[in-house]
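K.L.:
Which chain is which? The protein sequence lines are G and H, in order. Note that the first sequence covers residues 53 to 433 in the working numbering. Note that the second sequence covers residues 10 to 216 in the working numbering.
Some hints could be false.
[Unchecked claim] Simulated restraints, written as ranges between beta carbons of each label pair:
{"hint": "1", "chain 1": "H", "residue 1": "A112", "chain 2": "G", "residue 2": "T273", "range": "26 to 36 Å"}
{"hint": "2", "chain 1": "H", "residue 1": "K27", "chain 2": "G", "residue 2": "P277", "range": "52 to 62 Å"}
{"hint": "3", "chain 1": "H", "residue 1": "M172", "chain 2": "G", "residue 2": "L322", "range": "22 to 32 Å"}
[As the list claims (entries may be wrong)] In silico SDA-like pairs for lysine to any residue, Cα to Cα no more than 25 Å straight-line:
{"hint": "4", "chain 1": "G", "residue 1": "K159", "chain 2": "H", "residue 2": "V32"}
{"hint": "5", "chain 1": "G", "residue 1": "K241", "chain 2": "H", "residue 2": "G122"}
{"hint": "6", "chain 1": "G", "residue 1": "K159", "chain 2": "H", "residue 2": "Q30"}
{"hint": "7", "chain 1": "G", "residue 1": "K159", "chain 2": "H", "residue 2": "G33"}
{"hint": "8", "chain 1": "H", "residue 1": "K48", "chain 2": "H", "residue 2": "L26"}
{"hint": "9", "chain 1": "H", "residue 1": "K27", "chain 2": "G", "residue 2": "A176"}
{"hint": "10", "chain 1": "G", "residue 1": "K159", "chain 2": "G", "residue 2": "S104"}
No lab work stands behind these hints, which were simulated from the structure alone. We treat Cβ as the ideally placed atom computed from N, Cα and C, and that holds for glycine.
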Amino acid sequence: MAHLAALRAENFRCFDRLACEFGPGTTAFIGDNAQGKTSVLEAVCVLLRLQSPRTTTLTELCRFGQDHGFGLSGDLAPAAASLRPPTGPESGPDADATVPEPPCTLKFVWHQGQRRLQAAGQDALGPSRYLARSAVLVWMGNDDLSLIRGPGEGRRRYLDFLGTQAFPSYRPALLAYDKALRSRNRLLKDDRPDARQIAAYTAPLIEHGTTLTQLRHHLVTELKPWAAAAHCEISENPAESLEISYQGSATTDFAAALAASHPEETRRRLTLVGPHRDDVPLVLNNRPAAAFASEGQQRTLALALKLAQARLLHSLHGRPPILLLDDIFGELDPRRRNALLRALPPGSQQLITTTHLEWASSGFQPEYLYRVHQGTLTPAH
Amino acid sequence: MPKADYPPEIQRLILHLKRLQGVGPRSAERMAVALLTGKSGVAMELARALEAAAQGVVHCQICGFFQSTAATCPLCESPERDQTIVCVVEQPTDVIPLERTGAYHGLYHVLGGRLSPLDNIHPENLRISQLERRLASGTVREIILAVGSDVEGEATAHYLGDMLAHRPTGAAPVTVSRLAQGLPAGGGLDHADDLTLHRALSGRRLV
Ligand SMILES: [Zn+2]
Chain G
53 MAHLAALRAE
63 NFRCFDRLAC
73 EFGPGTTAFI
83 GDNAQGKTSV
93 LEAVCVLLRL
103 QSPRTTTLTE
113 LCRFGQDHGF
123 GLSGDLAPAA
133 ASLRPPTGPE
143 SGPDADATVP
153 EPPCTLKFVW
163 HQGQRRLQAA
173 GQDALGPSRY
183 LARSAVLVWM
193 GNDDLSLIRG
203 PGEGRRRYLD
213 FLGTQAFPSY
223 RPALLAYDKA
233 LRSRNRLLKD
243 DRPDARQIAA
253 YTAPLIEHGT
263 TLTQLRHHLV
273 TELKPWAAAA
283 HCEISENPAE
293 SLEISYQGSA
303 TTDFAAALAA
313 SHPEETRRRL
323 TLVGPHRDDV
333 PLVLNNRPAA
343 AFASEGQQRT
353 LALALKLAQA
363 RLLHSLHGRP
373 PILLLDDIFG
383 ELDPRRRNAL
393 LRALPPGSQQ
403 LITTTHLEWA
413 SSGFQPEYLY
423 RVHQGTLTPA
433 H
Chain H
10 MPKADYPPEI
20 QRLILHLKRL
30 QGVGPRSAER
40 MAVALLTGKS
50 GVAMELARAL
60 EAAAQGVVHC
70 QICGFFQSTA
80 ATCPLCESPE
90 RDQTIVCVVE
100 QPTDVIPLER
110 TGAYHGLYHV
120 LGGRLSPLDN
130 IHPENLRISQ
140 LERRLASGTV
150 REIILAVGSD
160 VEGEATAHYL
170 GDMLAHRPTG
180 AAPVTVSRLA
190 QGLPAGGGLD
200 HADDLTLHRA
210 LSGRRLV
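Model the full assembly from the supplied sequences, consistent with the hints where possible.
P.N.:
Put into structure tokens, the structure is as follows:
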């Protein structure tokens, strides 16, 4: 699918009702802070990827005082013309993968703790079949800086968000690992931990954890050249070198590391090694970026990591992902802003939120423009 | 003017139908109305059938499958079944698809669920001690674990496999195999088709 042509929402965040149309190019949402701009992008993210970058509890997405449920729907328009993926480092894309597709309406209903999914008229779909009909996307936001400065959790989420859109086997492995991990941690916390039950959950933990680790290693290997190239393009100093790698918490194999951690995990009542403790160290000019890079360098680095997501997805799927750009342009200095605008995948649909358009050059002309004020959307064209 | 609604008897019926799994408010209403306006006697026949089923069906004390109070267990009491082999399943409904394959002639043992610490389901909440007691007589020589292939199913199979491998000294040895191949991930047996199950039964592996 090429782009999202329409979005409808009911009872979502600050919106009683919401309906808007998008073109295949750029749509901008203008409004002051806390008026609901980000919630529009969030609705798109939940509808297309079944998750929000802002929360893990879906009940939070219900309108205040209406927490029985919410509904989202949207129309994915078929690709108009085949867009060739970028030619870049180690690109081996299958450009012929673009087959004509019929338009597809997606529906996401959350009602009293139950999720109901519909795609192209097929009801009660499982998440995998639903996601297979959906589109891929990249979210860029102001808080991407925490990818560099924050704890490993943010970088794991960055990988997982990309991985579930990159490889079909990623999401099942991630969900199974998470289930095994939470079950095992619950057993470790029992008053009298049952060794046989813990061992029973160690088996699936190792199996799915090993799969997940392999997929993440593969993902970082694929991502690495795109990240280095994107960083080079938007950096002030093209001589700067960015290195990313995948660092496992288990230095030996997972089963051995888990066994070795047994005394400590019994004491702390927590599973201490595994993909949930792995990290992606970011190294700029041979030094850890979190500690040694300037704020400007860190901003560039965060943009490069998100651009790399977009380019990898473009190369894997043969068409650019939908870009959700949450309030980032106003925060960037003109040089970085222009560099970013130039570096965004050509032909991608872009949904942008911003408090004002003063930063925009005369060349920036969104197809659709909406004003967002106190939970209402008004076309501004 | 007060708004007219269904009489309280019909409202109560709708309320009970809505409690059934997979029945929404609209279909509960349609079912209630259809039952009461259809051919005379349909509603009474259903009421009698419900009562008879609710009172006349129990679980077999040995295998845990459904059993009519008026008869003995069709599985445990059948002389044609191989008494040396027991297939362990999560739910009584898992027996039906395995029986339909025609490939299995042994006995069953229904656990009544699977291990799930996140839902507070532990070994003592399942029919695991009953399984151990069944094995004590020494007749059973082979166990087939036909539990689901999702995380909880895997853990349950590992738990039972470990337990059966560490039986008290002197206990007759049992071979343990697992149905895994070809079963749908994250689903119970009732989602697998006959052919898949047939293949899974003949291709079971040791644990
Ligand atoms: Zn029986």
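K.L.:
Look at each hint and say if it fits the structure.
P.N.:
Consistency of the hints with the structure:
1. H:A112 to G:T273: 26 to 36 Å: violated, 45 Å
2. H:K27 to G:P277: 52 to 62 Å: Given about 57 Å between the Cβ atoms, the range holds.
3. H:M172 to G:L322: 22 to 32 Å: 26 Å Cβ-Cβ, so the 22 to 32 Å window holds.
4. G:K159 to H:V32: holds, 20 Å
5. G:K241 to H:G122: Roughly 22 Å separates the two Cα atoms, so the pair holds.
6. G:K159 to H:Q30: OK: K159 of chain G and Q30 of chain H at ~22 Å, within 25 Å.
7. G:K159 to H:G33: holds, 18 Å
8. H:K48 to H:L26: The given pair, whose Cα atoms are some 19 Å apart, holds under the 25 Å limit.
9. H:K27 to G:A176: holds, 18 Å
10. G:K159 to G:S104: holds, 16 Å
Hint compliance for this structure: hint 1 alone is broken.
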